[in-house]
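Participant: The chain contents come next:
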Amino acid sequence: MTIKRRELLQRAAVVGAGAAAASTGASLINPELLAFASSARKPLSSMRFVTIVKTVASPYWAIVLAAAKHAAKDLGVTGLQYTGGPSEADIAAEVSLLENAIAQKPDFIVCAPTDKTALNATIAKAFNAGIKVILVDSDGVGAPRTSFLSTDNFNAGSLCADALAASIKAKTGAVSGKIAYATFQSNVGSLTLRDNGFLAGIKKYSGLTIVAHKDGAGDASELSAVSAASNTIAAHPDLVGYFGDNLQMVEGAAKAFKEKGVSTKKVSLIGFDSDPTLVAELQAGQVDGLLLQDPYMMGYGGVWYGVLASIGVKLPLFLDTGATVATPKTANSPLVEGLLSPLGKPGRGLGL
Amino acid sequence: MPFSRGRGWRVPVPAFASQGIRFVADSPISMVPASQPAPEVARGGREGISGWLAERIDLVLRLGLLGIILIAAAIFTLDTIPSKHLSDIGQSIFISQGNLQDLARQMAVVGVIALGETFVIITAGIDLSVGSLLGLCGVIAAEGFLNGWSTPVVIFTTLLFALAVGLVNGLLVDMAKIPPFIVTLGMLGILRGAAYLVTQGLNLALSPTGQPTPFTSWIENTNFAIPNIFIVLAVLGVASAIFLRFTRRGRYIYALGSNPESARRVGINVRATILTVYALSGLSAGVAGLLLTGRLGTANPNAGTSYELDAISAAVLGGASLFGARGTILGTFLGVVLVNMLANGIDIDPHAIDPHMQQVVEGALLIIIVWIDQWRKRRVVAG
Chain A
47 MTIKRRELLQ RAAVVGAGAA AASTGASLIN PELLAFASSA RKPLSSMRFV
97 TIVKTVASPY WAIVLAAAKH AAKDLGVTGL QYTGGPSEAD IAAEVSLLEN
147 AIAQKPDFIV CAPTDKTALN ATIAKAFNAG IKVILVDSDG VGAPRTSFLS
197 TDNFNAGSLC ADALAASIKA KTGAVSGKIA YATFQSNVGS LTLRDNGFLA
247 GIKKYSGLTI VAHKDGAGDA SELSAVSAAS NTIAAHPDLV GYFGDNLQMV
297 EGAAKAFKEK GVSTKKVSLI GFDSDPTLVA ELQAGQVDGL LLQDPYMMGY
347 GGVWYGVLAS IGVKLPLFLD TGATVATPKT ANSPLVEGLL SPLGKPGRGL
397 GL
Chain B
107 MPFSRGRGWR VPVPAFASQG IRFVADSPIS MVPASQPAPE VARGGREGIS
157 GWLAERIDLV LRLGLLGIIL IAAAIFTLDT IPSKHLSDIG QSIFISQGNL
207 QDLARQMAVV GVIALGETFV IITAGIDLSV GSLLGLCGVI AAEGFLNGWS
257 TPVVIFTTLL FALAVGLVNG LLVDMAKIPP FIVTLGMLGI LRGAAYLVTQ
307 GLNLALSPTG QPTPFTSWIE NTNFAIPNIF IVLAVLGVAS AIFLRFTRRG
357 RYIYALGSNP ESARRVGINV RATILTVYAL SGLSAGVAGL LLTGRLGTAN
407 PNAGTSYELD AISAAVLGGA SLFGARGTIL GTFLGVVLVN MLANGIDIDP
457 HAIDPHMQQV VEGALLIIIV WIDQWRKRRV VAG
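Note that the protein sequences, when read in sequence, are chains A and B.
Using this note's numbering, the first residue of the first sequence is number 47, and each one after it goes up by one.
Using this note's numbering, the first residue of the second sequence is number 107, and each one after it goes up by one.
Hints in this document: simulated from the structure, not taken from any laboratory.
A few of these clues could be false.
Partial selection, computed: residues in chain A whose CB lies under 10 Å from chain B [unchecked claim]: (1) A86; (2) R87; (3) L90; (4) S92; (5) P132; (6) D261; (7) A263; (8) T278; (9) A280; (10) K301; (11) A302.
If you want the footprint, here are the derived chain B segments under chain A, 3+ residues with CB under 8 Å [what the hints assert, rightly or not]: (12) 225 to 232; (13) 376 to 389.
C-beta: ideal position from N, C-alpha, C; glycine also.
Starting from the given sequences, assemble the full structure and let the hints guide the process.
Facilitator: Put into structure tokens, the structure is as follows:
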């Protein structure tokens with residue numbers, strides 16, 4: 047039975063709110079929360095917020111936005127905007143969106159900064175204007191915020207190193223050989239942390255040598271990822287492992303290996319994130335591990351935290367939304383399934 | 107539209123002057139014997155070894171772009187021999203079948219776009235919308251497959267749409283007299299936005315379960331060890347070259363680029379010619395979109411971003427002039443080969459250059475190469 051991520055979070059939220067679940071299950075607004083909100087003179091129905099992610103042109107962020115919409119529906123609050131820039135590289139676009147959001151005077155803003163320092167001034171402006179700021183996924187280092195929900199990217203990178211070593215051992219019998227890693231874009235906070243975590247984790251395995259470090263130059267169409275992977279294999283035909291630090295890099299590598307007829311019995315492929323194509327490839331054994339973050343939690347929890355902060359609840363400054371490695375063996379287990387396909391059905395659509 | 111070259115009343119001779127026809131403004135067409143061919147490079151004058159060397163270098167450089175490609179290929183071949191011994195040259199990674207196939211695949215998509223772009227550039231126009239059109243066509247193709255349409259229907263619909271967009275570009279350039287830069291720049295935004303609207307920013311997998319479809323299988327396959335995706339480029343390239351050189355419409359394209367006013371006065375149907383070049387550019391973007399979607403198995407609304415710049419640089423490298431009337435399909439093809447070969451060769455180099463240094467090297471090499479080519483051309487003219 048597939049536990050949908052949304053149901054899981056709904057049940058958790060109900061238990062956390064300390065009241066019996068509403069019998070219909072359709073609305074999460076239990077009486078205690080409503081009472082608390084009214085006493086704080088902040089009825090839920092009058093609450094407004096804005097969600098700004100790095101870009102709308104990505105399956106990962108589509109999940110965050112969809113989750114935010116679900117949370118808004120479950121809580122009965124109003125989302126003024128669910129938006130993002132045209133690409134993760136367009137910092138100026140996100141700054142403009144944030145400034146426009148501040149002008150609308152929402153109760154809280156859920157924001158995923160696309161640069162670790164460039165948005166700090168604008169975030170500070172929002173914070174100082176009394177708007178609760180919930181950062182998700184990537185940190186704006188030094189910016190004031192109400193809370194920050196994210197994967198611990200360094201730790202996640204290190205988990206990937208362990209998963210790669212385990213896969214190499216299972217396939218070749220020994221933890222030794224040449225490996226390569228590829229980053230989607232340089233100087234992005236979360237990606238750099240993942241790479242550093244991976245490199246730190248790989249140091250434990252003295253038999254593995256890194257022979258190539260590729261850069262995808264932020265090409266979201268995956269063509270650079272495919273070229274990077276196929277050129278790496280061409281230059282090092284005896285490669286045993288490849289790590290891609292985001293969805294595009296690992297998906298491109300899987301395509302390149304398929305195109306070149308690289309034997310999956312010899313080369314291990316590990317990467318971050320998932321989408322229906324990657325899930326199918328994981329189940330078929332073409333990808334050996336996917337580091338699953340919890341973008342659904344970031345969106346859903348982000349809105350929840352925003353609501354709680356708006357009615358005066360004191361929140362922890364950081365929430366680790368967790369990292370799980372899915373392997374072909376664990377791909378069909380219920381917990382992993384919910385993380386692999388948070389929106390439920392394969393294909394497209396935001397599933398609202 | 108192209109402006110005059112500032113030579114007053116004298117009209118620049120169009121590219122087909124060698125056929126023996128010279129056009130002069132405001133006078134009837136006169137059949138005049140062709141003027142002399144380009145002056146020969148002065149040989150000799152330098153004795154001994156340096157003279158011999160100069161002649162050898164000159165010979166290679168006279169081959170122009172082809173010579174440069176051969177030199178670069180030689181360097182990459184020698185550099186990627188795993189054992190570093192000259193005798194093992196057959197083991198070189200660069201010329202291995204796998205890598206050559208990769209190279210063929212890597213250049214196919216931009217190559218097809220560059221073909222269409224060449225036509226437009228020869229008329230002194232420009233088409234900036236091809237990248238976005240590629241993305242949108244890929245999305246349309248994916249939507250078609252996901253709706254259960256058969257492969258021929260998908261291909262037909264996508265190409266029809268691409269043709270229509272090209273015609274719209276052409277009409278706006280010709281009838282509304284808007285500069286091609288502006289028309290295609292606006293179209294770039296419209297098409298890219300449309301791709302995002304249709305997909306809501308998500309990728310569209312051709313098959314939700316990741317299984318290969320007949321379309322993707324055919325594109326991934328090879329015939330006689332040549333990737334099919336490259337065969338498409340080769341066939342289209344040959345057809346384009348024949349069209350440009352041997353048909354009347356092809357010659358009219360050069361005439362239009364050389365001087366549109368003269369072309370109009372001699373009775374060339376300027377509107378038909380403009381519509382032709384932009385339609386061909388649109389069609390090439392449609393084909394490229396199908397090829398990319400087939401190769402990746404997914405349609406990405408971001409696909410094709412800035413491909414138009416790669417196509418234009420390839421065409422210019424190959425000898426096309428942004429002022430019009432110059433350019434050949436073969437030149438564009440060589441330009442595409444050179445750019446992709448540099449990227450591939452540097453990427454597989456075992457010296458493991460930092461990826462950012464790679465970008466610096468690629469950019470520098472491009473400038474040096476065009477500089478050498480310009481130097482060679484000046485030497486030829488100076489005699």
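Participant: Run every hint past the structure and note whether it holds.
Facilitator: Hints and how they fare:
1. Interface hint at A86/A: violated, since its Cβ lies 36 Å from the closest Cβ of chain B, which is beyond the 10 Å cut-off.
2. A cut of 10 Å between beta carbons decides the hint on R87/A: the least distance to chain B is about 37 Å, and the hint is violated.
3. At a threshold of 10 Å, the smallest CB-CB gap from L90/A to chain B is about 28 Å, leaving the interface hint violated.
4. The interface hint given for S92/A is violated, since its Cβ lies 29 Å from the closest Cβ of chain B, which is over the 10 Å cut-off.
5. Nearest Cβ of chain B to the Cβ of P132/A: about 8 Å, under the 10 Å cut. The hint holds.
6. Here the hint on D261/A is kept, as its CB sits about 4 Å from the closest CB of chain B, short of 10 Å.
7. Of the supplied interface hints, the one on A263/A holds, with its beta-carbon coming within about 8 Å of a beta-carbon of chain B, less than 10 Å.
8. A cut of 10 Å between beta carbons decides the hint on T278/A: the least distance to chain B is about 8 Å, and the hint holds.
9. Hint status for A280/A: holds, given a least beta-carbon distance of 5 Å to chain B, under 10 Å.
10. Restraint check, K301/A versus chain B: the minimum CB separation of about 6 Å is within 10 Å; hint holds.
11. Against a cut-off of 10 Å between C-beta atoms, the interface hint on A302/A holds, since the closest Cβ of chain B lies about 8 Å away.
12. For the stretch 225 to 232 of chain B, the stated coverage by chain A is violated: 0 residues have a C-beta nearer than 8 Å to a C-beta of that chain, whereas at least 3 were required.
13. Residue count for the stretch 376 to 389 of chain B with a Cβ under 8 Å from a Cβ of chain A: 0. That is fewer than the three needed, and the coverage hint is violated.
Figure legend: structure checked against the earlier numbered hints; hints not met, in rising order: 1, 2, 3, 4, 12 and 13.
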